[in-house]
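Can you make the complete structure from the sequences, with help from the hints?
Residues in the sequence shown are numbered consecutively from 3, following this note's numbering.
Derived by calculation from the structure, the hints in this document are not laboratory data.
Be careful, since some hints might not be right.
Distance condition first, Cα-Cα at most 30 Å in a straight line; then the derived DSBU-like pairs of lysine-lysine [said to hold, decoys possible]:
no., residue 1, residue 2
1, K111, K125
2, K125, K242
3, K135, K125
4, K274, K196
5, K125, K204
6, K281, K135
7, K281, K125
8, K281, K271
9, K96, K31
10, K133, K111
11, K242, K111
12, K196, K111
13, K133, K31
14, K96, K135
15, K96, K204
16, K271, K238
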Amino acid sequence: MTFSTVAVVGASGSLGAPIVQALLAAGFKVTAITRETSTSTFPDRVEVRRAKLTSVESLTAAFTGLDVVIITVTTTESDNQTPFADAAIAAGVKRFIPAEWGHNTRPGKLSGPLVQMLAGKTKTTDYLIEKTKVHPELTWTGIATSPFLDWGLDHGVFGINLPTKTATIFDSGNEPGSASTLPFVAQAVVAVLKREEQTANKYYHVAEHTVTQNQLLRLFEEETGVKFAVTNTSTKDIAKVRDEKIARGDWSAFFEALLVYGFADGEGKVVKEGDAGNKELGLEGRELREVVREFVRTRSG
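Below is the structure:
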């Protein structure tokens, strides 16, 4: 089995775009699957097919003739990925990569409110496991990556605010956590597709960095030459906000849930070396200082 044609659903998004670039660089033929009303543009080498993303019939037509389907929709859109999976089976797709990314959602890996918040992803992988028993012509690969480092820095997840030269440190700021940049995630996708048989019907958790908030803060101060103004916050207080939001059905609590899960002292959410798929997939990340330096360079001006 050799994959050559790859469809990306969500190809213009924060994750989809770097995956498309990595696939093109690796020699794959890429098709962007977009909504019927989408006005997104893509590189000339990318074929564009439009579909109703909730219709199995429409998606089947869009997926026909393609080897691989990769779903990169956002977490809020990932609750029901079964139409994508059913269409992939109907279209004769060989490999399906669901919108896992981020945290590992396999049983026993998550805790707290994130279990419920990410239940859609868990159900999708369970669905694929059962469906591929009946339809072995389709295989799947799940890829968890831990939080996106570069995207997270842009959106306040790591508490570092480059434009204002401020930082919010949660608890001690010394709790280590795993994280991956978007280019590293794209590299992981390419590595999976180049190892067709080895990666069939398997779930990988990859991670580029183990990092603490204080470590990031020190690097940002060194790379900018500016002492950041620091505010200290307790994750217990953040948890209260999270719980109040959940109680009134406000699922923007996902942000607070991420902060508590990732930064509360003693949580121990680092991906252990023996649990990471980096070695099996031949993945090597960049030095953390290099990542921070590039972030500062590309966001300053």
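| Tell me, which hint numbers fail for this structure? | Structure breaks no hint.
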